[in-house]
Amino acid sequence: MVENTFRCEQVWREVSNYIDGEVDAALRSSMDEHFRTCKRCASVLAGTRNVVQLYGDERMLDVPAGFSRRLEKRLENRLTHDSAVKGSRWSSWSAWLVPVAAMALIAGGLLLTNNLTHWHFVRSQHAEPAYKIPPDLVVVVSDGAKLFHVPGCPFIHDKASERTMTAKEAMQEGYVPCTRCLRQYLKTGMSGHSATEVAEGGRVEEEEREETLSVAGH
Amino acid sequence: MTLTNPTHDAAREQDLILQVQRGQSELFYELVRPYERRVYAAALAILRNEQDAEDTAQEAMLKAFANIRQFRAEARFSTWLIQITVNQALMRRRRERTVPMEGLDNRRDVSDNENEYAPRDFADWREIPSEALERKEVRQRLAEALATLDRKYREVFVLRDMEHLNIQETAEALGITVASVKTRLLRARLMLRDLLAAGWEQGWFSRLPFEKGNKPW
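First to last, the protein sequences are chains A and B.
Counting in our numbering, the first sequence runs from 1 upward without gaps.
Counting in our numbering, the second sequence runs from 1 upward without gaps.
FYI, nobody ran anything at the bench for these hints, they're computed from the structure.
Treat the hints with care, since some could be wrong.
Said to hold, decoys possible - Restricting the straight-line Cα-Cα distance to at most 20 Å, the calculated cross-link-like pairs of lysine to aspartate or glutamate (EDC-like) are:
no.	chain 1	residue 1	chain 2	residue 2
1	A	Lys168	A	Asp143
2	A	Lys73	B	Glu36
3	A	Lys168	A	Asp136
4	A	Lys159	B	Glu96
5	B	Lys136	B	Glu201
6	A	Lys73	B	Asp194
7	A	Lys39	B	Asp194
8	A	Lys146	A	Asp57
9	B	Lys136	A	Asp57
Note that the structure is predicted; figures quoted are calculated from it, not measured.
Take the sequences, apply the hints, and build the full model.
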């Protein structure tokens, strides 16, 4: 370390900004002068630059084997599902039926009020429909199963055919909530739950809302 | 160095975005494929678990697909995608609480300016060439060094230096201030420098093209 008008500690504090070009001309000039005369700080600068260069290299972005194939398959499943829904919705309908359907939906909507689930068939006749579930909640379903789950729920059957969608879409396809991971959205779950767990459900809903706002903001 | 695929030029990307927004869903994977590794890295930085990171990367892609009509051309598509990923990963961490608690230092998240970090003193520093990254074990060691950083430093470092978000975008993605990003980034870089130096002592880079017996400083 050498005597310098600029102290080493000040240089260390600014070295990252220096590399990013976030220091003004006067400070940069003082730091340049310091680096010329202080070996330790020159080593700090060189090492820090080396770190930025190495980790910034694209080769550092490794993914697990098979990652791309699995991602592509999941996207394909989603796209196939979307086009199937579109096809079944529109292929057999003539254009003149659309206003009639709209009228029927409006009339139905007046009767349904808050309950989102009663107008869908359900895959399990014995299951309980969801109660006050956030329609945009991201859930996971699999083909041949009857329940929808939060991602990562250990009770998902047939993970190979897993699909992600919103709770509303899952209900439209007839899925009902998993009694383990989505218990707080079942009436029986609500009554049997502690206040904390119900509050947790509210918190998740809050997060989902935040997320939607954040995505919408871009 | 740019992280985008060189063959994936901006005009083609804009074109793909427009087509997907107009309903050509089958083009979506082509649109996001150049960024899939960045998306995974962002999720891994937050979740620290490969399976969770992969699930989250897939969910983020599906989320981006579902919201593609909300994307505005004035933003960078890659940044938008990374921000969705970070959001999904943070939500998953809060919801599932699967990420183990980290060290005391991480929980004591009061001020980043409280303790100055004094970097290790070396006589000199000789650059570790980027060719070293051709070796998988070197990449692995660097990833392990990164994983030892406390969460708040690791997240900022990955978004800024590996994902190449700018300071403002990093701050927005993580919901912290610009000043915090700068302070955490400084600390992360200095700590990684010291860890790389320690790695030399442990022989990480032993087969690099330096003269026999010479350390890089």
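Hints versus structure:
1. In summary, the hint linking A/Lys168 to A/Asp143 is supported, as the alpha carbons are separated by about 17 Å, within the 20 Å threshold.
2. With a C-alpha separation of about 14 Å, the suggested pair A/Lys73 and B/Glu36 falls inside the 20 Å cut-off, and the hint holds.
3. The straight-line distance between the Cα atoms of A/Lys168 and A/Asp136 is roughly 7 Å, inside the 20 Å bound, and the hint therefore holds.
4. Taken as a hint, the A/Lys159 and B/Glu96 pair is honoured in the structure, with Cα atoms around 18 Å apart against an allowance of 20 Å.
5. As the CA atoms of B/Lys136 and B/Glu201 are separated by approximately 19 Å, the hinted pair is consistent with the 20 Å bound.
6. At roughly 41 Å between alpha-carbon atoms, A/Lys73 and B/Asp194 are farther apart than 20 Å, so this suggested pair is violated.
7. Restraint check: the Cα-Cα separation between A/Lys39 and B/Asp194 comes to about 16 Å, which is no more than 20 Å; the hinted pair holds.
8. Proposed proximity of A/Lys146 and A/Asp57 is contradicted: the alpha carbons are some 45 Å apart, above 20 Å.
9. Taking the CA atoms of B/Lys136 and A/Asp57, the gap is near 13 Å; set against the 20 Å cutoff, the hint holds.
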